[in-house]
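Undergrad: These are the residues of each chain, in order.
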Amino acid sequence: MGPGDAVARLVREERARVLATLIRVTGSVDLAEDAAQDAVVRALETWPRDGVPDNPRAWLLVTAKRRAIDLIRREARRAGKETEAMTFLDPAPEPAEVVRDDLLRLVFTCCHPCLAVEAQVALALRTLGGLSTAEAARGLMVPEATMAKRLTRAKQKIAQAGIPYRVPAAEELPGRLAGVAATVYLIFNEGYAAGTGADLVRVTLTAEAIRLARLLAELMPDEATVLGLLALLLLHDSRRVARVDNVGRPVLLADQDRTRWDAEAIKEGVELVGAALRRSAERPDAYVVQAAVAACHALAPSYASTSWDAVISWYDVLLTIADTPVVRLNRAAAVAERDGPAAALALVDAISDLAAYPWWHGTRAELLHRLGRAEESRAAYDRALALGMNEPQLEHLRRRAAELPG
Amino acid sequence: MPTYMALTYTPDIDWTQPPPEHAGTMKEYAEFAEGAAAVIKGGRALYPTATATTIRVPAGKGGDVITSDGPYAETKEALTGFYLLECADLDEAVAVAAKIPAAWDGAVEIRPVITF
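Protein chains in written order, with my numbering: chain F, 551 to 956; chain P, 83 to 198.
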């Protein structure tokens, strides 16, 4: 990595902070983005040549503020208006707490519940994460023009509908935080579901989601949801390279080479689960509990030695928070390992409204397969295949179906 | 301070003769109007969609006027009234709109009003 790369990374890290403060002082996301972008370009031009300034954030912010003033003056001249007093040209660097609060405001504005989820994702990637519009479009597999339009509309709604630039009050925080976490988790899943080998571009989404979760954990180190989210993402991501074989086919958790799991990510994830559990003892949190399930897997030396009792107990806790058919299905899969396929099949069959969910049929097919009920199993595989999932997953089901006798 | 238009979409009721099951609704609206008096800058209830006329001039400005009996869009829930709310921001407007009885009797759409 050359000095240019180090500068690029530093600039990217600071960009969201500078942007966050500029949005507050100028009151306009668009203006702030233009000005921040200008400062970023200048930094990328001059820092590799002249060296990184002592306070890179302050340098970027002052440069961006000057640019913002130029833009406002130009706009004022064009409209024939008097230039407003430029009260925000204070060259003194913002105190750290102010920058932290600005970034929090940006988080909650980008993930405001009055914005469509896809708009939240677009804003989180572009504004908070600093992916380019083209990168965000590639990651989400939409045309760049579509992504650009989503961003424009989202910013218009923020400005015109008056979405406030504010951290929610304490009583609103749990609900709003759940919304922020859901957006970051969605970004992660977009990348994670794509696998690795097949589509490397989308891996940037998992990395971006982890970066966003880290940012949230840095901003709100006492919020269990945030710690649980980061833990969950790290623990899932720790298995990334072991999830597919060398030709891109998925490898089930049971068959993964655990020596290829990322031990460092697991260590950090498990520690975070502990910290998050201590902060949510009174009120269990869905992200923390899912991370606890992931930790049970991450800590098991082999699939056979997984503590299924613990996994099932965590699923029981999760059901008390969110009793959904999918959680019941996942719990049933763990019961299959502890109590055998017959007990699990009874649970799976008792879940009523998953007939349109391919994994429900896939799980039934697998359990029937293990019970030696080949005909019923084949029918269930067919149903799962007909409903569709991504190609490597279909490939796995086809392979299992082909192993049925007869 | 921004102004928001709150459009109430509810079952198509004749507010001048509310059916018995909606007897309490009028009282709820009165309570809302009292509680939110500080931000309500206007508002009216509308006669049912049976009274609506939709007007078009398809040939362009000055052309023949085509009227049709009924609302612009036939929907299960109809536009039955509106308020103008002056609120600090969208969060406050959402909080006020959530107290309009239409929010549990149907839906409330809030739209920022343009100041030219």
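Hints may contain errors.
[As the list claims (entries may be wrong)] Some chain F residues judged to face chain P by a derived CB distance under 7 Å, without partners named:
{"no.": "1", "residue": "Ala666"}
{"no.": "2", "residue": "Gln710"}
{"no.": "3", "residue": "Ala711"}
{"no.": "4", "residue": "Ile713"}
{"no.": "5", "residue": "Ala850"}
{"no.": "6", "residue": "Tyr853"}
Think of the hints as simulated: they come from the structure by calculation, not from any bench.
We treat Cβ as the ideally placed atom computed from N, Cα and C, and that holds for glycine.
Undergrad: Take the hints in turn and mark each one as holding or not.
TA: Going through the hints against the structure:
no.	hint	in the structure
1	Ala666	violated, 14 Å
2	Gln710	holds, 5 Å
3	Ala711	holds, 5 Å
4	Ile713	holds, 5 Å
5	Ala850	violated, 45 Å
6	Tyr853	violated, 48 Å
The structure fails to meet hints 1, 5 and 6 from the earlier list, while all remaining hints are met.
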